[in-house]
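Given the structure of chain A, go ahead and fit chain B onto it with the hints provided.
One line per chain: the protein sequences are A and B, in this order. Take 9 as the starting number for the first sequence in the numbering used here and just add one per residue. Take 9 as the starting number for the second sequence in the numbering used here and just add one per residue.
For the record, the hints were derived by calculation from the structure and aren't laboratory data. Any given hint could turn out to be false.
All copies of an identical chain are treated as equivalent in the list; a pair is satisfied when it fits inside any one copy or across any two copies.
[What the hints assert, rightly or not] DSS-like, lysine-lysine: derived pairs with alpha carbons at most 27 Å apart: (1) Lys429 / Lys85; (2) Lys321 / Lys359; (3) Lys359 / Lys170; (4) Lys315 / Lys425.
Number of protein chains: 2
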Amino acid sequence: MSLDGSGYSGLVLEKLSAAGVKIGDTITIKHDDKEYSGILMPRAQIGSDPDHIVVKLATGYNFGIRLTSQSKVQLTKRGTASKRPASKEIPEQTKGHPAVSILSTGGTIASKVDYRTGAVNPALTAQDLYDTVPELKDHANVTAKVLMSVFSEDIRPSDWTKIARAVATEIKQGTDGVIIAHGTDTLGFTSAALSFALQHLPVPVVLVGSQRSSDRPSSDAAMNLILATDFVGHVDAAEVMLVMHGETDDSFVYAHRGTRVRKSHTSRRDAFQSINTYPIFKIDSSSITEMNPPLLRRDPNRTLRLKPKFEEKVAIVKTYPGFGHDILDHLVDHQYRGIVIEGTGLGHAPKSLQASVAHAVDAGIVVAMTSQCISGRVDMDVYRTGVELQELGIVACEDMLTETAFVKLSWLLANMKGTDKVKTALSRPYVGEIEMRSEMAEYSTTAEEI
Amino acid sequence: MSLDGSGYSGLVLEKLSAAGVKIGDTITIKHDDKEYSGILMPRAQIGSDPDHIVVKLATGYNFGIRLTSQSKVQLTKRGTASKRPASKEIPEQTKGHPAVSILSTGGTIASKVDYRTGAVNPALTAQDLYDTVPELKDHANVTAKVLMSVFSEDIRPSDWTKIARAVATEIKQGTDGVIIAHGTDTLGFTSAALSFALQHLPVPVVLVGSQRSSDRPSSDAAMNLILATDFVGHVDAAEVMLVMHGETDDSFVYAHRGTRVRKSHTSRRDAFQSINTYPIFKIDSSSITEMNPPLLRRDPNRTLRLKPKFEEKVAIVKTYPGFGHDILDHLVDHQYRGIVIEGTGLGHAPKSLQASVAHAVDAGIVVAMTSQCISGRVDMDVYRTGVELQELGIVACEDMLTETAFVKLSWLLANMKGTDKVKTALSRPYVGEIEMRSEMAEYSTTAEEI
Numbered sequence: 009m010s011l012d013g014s015g016y017s018g019l020v021l022e023k024l025s026a027a028g029v030k031i032g033d034t035i036t037i038k039h040d041d042k043e044y045s046g047i048l049m050p051r052a053q054i055g056s057d058p059d060h061i062v063v064k065l066a067t068g069y070n071f072g073i074r075l076t077s078q079s080k081v082q083l084t085k086r087g088t089a090s091k092r093p094a095s096k097e098i099p100e101q102t103k104g105h106p107a108v109s110i111l112s113t114g115g116t117i118a119s120k121v122d123y124r125t126g127a128v129n130p131a132l133t134a135q136d137l138y139d140t141v142p143e144l145k146d147h148a149n150v151t152a153k154v155l156m157s158v159f160s161e162d163i164r165p166s167d168w169t170k171i172a173r174a175v176a177t178e179i180k181q182g183t184d185g186v187i188i189a190h191g192t193d194t195l196g197f198t199s200a201a202l203s204f205a206l207q208h209l210p211v212p213v214v215l216v217g218s219q220r221s222s223d224r225p226s227s228d229a230a231m232n233l234i235l236a237t238d239f240v241g242h243v244d245a246a247e248v249m250l251v252m253h254g255e256t257d258d259s260f261v262y263a264h265r266g267t268r269v270r271k272s273h274t275s276r277r278d279a280f281q282s283i284n285t286y287p288i289f290k291i292d293s294s295s296i297t298e299m300n301p302p303l304l305r306r307d308p309n310r311t312l313r314l315k316p317k318f319e320e321k322v323a324i325v326k327t328y329p330g331f332g333h334d335i336l337d338h339l340v341d342h343q344y345r346g347i348v349i350e351g352t353g354l355g356h357a358p359k360s361l362q363a364s365v366a367h368a369v370d371a372g373i374v375v376a377m378t379s380q381c382i383s384g385r386v387d388m389d390v391y392r393t394g395v396e397l398q399e400l401g402i403v404a405c406e407d408m409l410t411e412t413a414f415v416k417l418s419w420l421l422a423n424m425k426g427t428d429k430v431k432t433a434l435s436r437p438y439v440g441e442i443e444m445r446s447e448m449a450e451y452s453t454t455a456e457e458i
Numbered sequence: 009m010s011l012d013g014s015g016y017s018g019l020v021l022e023k024l025s026a027a028g029v030k031i032g033d034t035i036t037i038k039h040d041d042k043e044y045s046g047i048l049m050p051r052a053q054i055g056s057d058p059d060h061i062v063v064k065l066a067t068g069y070n071f072g073i074r075l076t077s078q079s080k081v082q083l084t085k086r087g088t089a090s091k092r093p094a095s096k097e098i099p100e101q102t103k104g105h106p107a108v109s110i111l112s113t114g115g116t117i118a119s120k121v122d123y124r125t126g127a128v129n130p131a132l133t134a135q136d137l138y139d140t141v142p143e144l145k146d147h148a149n150v151t152a153k154v155l156m157s158v159f160s161e162d163i164r165p166s167d168w169t170k171i172a173r174a175v176a177t178e179i180k181q182g183t184d185g186v187i188i189a190h191g192t193d194t195l196g197f198t199s200a201a202l203s204f205a206l207q208h209l210p211v212p213v214v215l216v217g218s219q220r221s222s223d224r225p226s227s228d229a230a231m232n233l234i235l236a237t238d239f240v241g242h243v244d245a246a247e248v249m250l251v252m253h254g255e256t257d258d259s260f261v262y263a264h265r266g267t268r269v270r271k272s273h274t275s276r277r278d279a280f281q282s283i284n285t286y287p288i289f290k291i292d293s294s295s296i297t298e299m300n301p302p303l304l305r306r307d308p309n310r311t312l313r314l315k316p317k318f319e320e321k322v323a324i325v326k327t328y329p330g331f332g333h334d335i336l337d338h339l340v341d342h343q344y345r346g347i348v349i350e351g352t353g354l355g356h357a358p359k360s361l362q363a364s365v366a367h368a369v370d371a372g373i374v375v376a377m378t379s380q381c382i383s384g385r386v387d388m389d390v391y392r393t394g395v396e397l398q399e400l401g402i403v404a405c406e407d408m409l410t411e412t413a414f415v416k417l418s419w420l421l422a423n424m425k426g427t428d429k430v431k432t433a434l435s436r437p438y439v440g441e442i443e444m445r446s447e448m449a450e451y452s453t454t455a456e457e458i
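Looking at chain A on its own, in the form it has when it is part of the complex (with noise of 0.2 Å):
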């Protein structure tokens, strides 16, 4: 095979190609006068610094070497990409240790690159674990499967139908835990989606996602999926929870409660998020500390409410200067059967939007009114124009995310009956979304204090 699709370009490229390797080559690169030997790697994401030719070494950790235009370098073959081995081997079991089930739906943390072919694989088997993160032999003996292969920006809610019915199955078969391998971009929407639809649950149900694909050497995915898979095999709780980085550092990861936590940040390997409240643990490699109590402790003895259900028709609508009720209205045409408005402050719409409001609500649809600030609740009896809006049936959610109202909102529209049923239960707390009284220490200022 050549080097097309291998994600080397311009300099690098020209390097590899006269050197006549291939990905998964065992090489040898001597570079101003050091020596590094590996097995060539390409390079999942596109346009991550081109002048980098990236090796696996024998401890097993991706070592990236930068060349320039003036590097000296000297690149020689020193074996053949192996064939991949027969998989479908059973890891070995060890006595005592949790049983953790990993299900895999795609995203960054699932793009491991197969260094035997080269191919950017989007499926975690439980044997390419093994293989690339040998580490978790320590902690569980881990099942795996490959429930989906999606970039999590393409997630619907049918595909949360399909997550939850999969981790009921899990649990149905006495698994200890359970932890989904998931892209970062709606982690949130599904954490919160999985709290919904898995409600008395035995055993903790963990989201896991990385920032940085594995083929980089700052890649999170490694630390995420190992701490994630001690934690849910150990920890005394069950609820569903998401576990990121707690900081730029290799130091902690948290649990964050699965319906208040978002993604704050575009790149950040700390990019996720409690808002409103504080995680629920932290986690770092030789201890689990409890930060905020947990919902529910783990008991395997009792039965999960499988709820796995979702409606597709509900809208986020933000709002902003000189926003038009024509989009309202569209979605009132639409035969939409939820809005969240994404409104500002406390919770307001421009005035403007009354009538359609009004209109929206009586075709029966469900509007509920979110703030794009973000931190802090909602409180529409403050100002005049907020109790307009509820006079109107607008519903006001309290402390709760944008995302987690959404989700909510689409759970309660396929799972209930009767809009002022649904109205009712929207504002009150169900699994952690809301909480009446919110602490002040939860939200922190930008910028560090001179």
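The following block gives chain B in isolation, referenced to the frame of chain A:
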């Protein structure tokens, strides 16, 4: 006059009625062995602490006395509400003080409670200002005008035009600085709009709001206004900034860059945060500290370039799982000229939208991409899906806030001919709204460490 519309209710209203007092009367309250005298104030915000009587003490401060059904309370009327003095008096001018223009647009900061008439008066006159905040005299020679009187959720792009023109008039008349009092809900949108509309500023322009109305003991209105006045009269900077509390205590305020700031909490007094950058100045009662270099220094000889027009047919669309392309199609069919997609992560949207995006671009609509993460930078070169969206003609908005991208697109479409020109201008910095490299330190995590 009666106590109708005074904002009092229940037990408190009963006690006030029984004593025969009305808003504006001087009263003495004996309450559980303590005695307070002052002018009876009405309540501006609906539903906030209904058990309090609020009086303005001789010191000028508001004081709230909480009544319970167990309270021993005795109310005595000491004087009757005085007639409003004939206004239009020109406040005395102090030699050597800077000339500061205050333009009022409405919102909580301007909803001064008039204790003479009992009305919640949304207008500030210069005389009102001196009456309520006598300290202003010590900082500047203030002139004040009422431009409009609206809650900020009702501000439209045409209002930005009106405000920009009014600021230009003040500058032409030789003011040393302009303050705009404005509701907080869309304060960040207006600060971005003025940043584009008022180019090449000779003096600083500062937007100021308050999160708690001036009849509440916790109001931030006076402090924000005093420090903003002092700041705008003296600081050696000439750009559009937004001044609000820097922490919940009354210790200091920040001056944020107009294009980089958003309301990030529904109710806290330090709700406004600079995103992806630091505030420009930190201001307390004794000093102004520069945290970030201003775009321009003060220069009275510089000539303002006024570009006050904005296109109203621009929309923000936030994506979510299952987002229907029908919403994008609606915007194309309804002659929108610009669409900002607030996508996920590094700037992604469901693959199912690609045909609608292509359709929109073909129709001559400028389609831009920002991230609902809020912090960080859109990077559409990392994953294949981002590359595909760019190939369809979407403009990646770098590290620009969604709100700022929306305002900028509206401004460019009104001031520049040719879609290609607008697209190129959108992703290049004009007034500090984009930085080509962001610092790490400006993102703070939610949780305190354990």
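Results for each hint:
1. Taking CA atoms no more than 27 Å apart as the test, Lys429 paired with Lys85 passes in neither setting, with 69 Å inside one copy and 50 Å between copies.
2. Proximity of Lys321 and Lys359 under a CA criterion of 27 Å is satisfied in both settings, with 25 Å inside one chain copy and 18 Å between copies.
3. Taking the closest pair of Cα atoms, Lys359 and Lys170 come within 27 Å of each other only across two copies (20 Å); inside a single copy the shortest separation is 41 Å, beyond that limit.
4. Only within a single protomer do Lys315 and Lys425 lie at most 27 Å apart by alpha-carbon distance; the minimum there is 14 Å, versus 54 Å between protomers.
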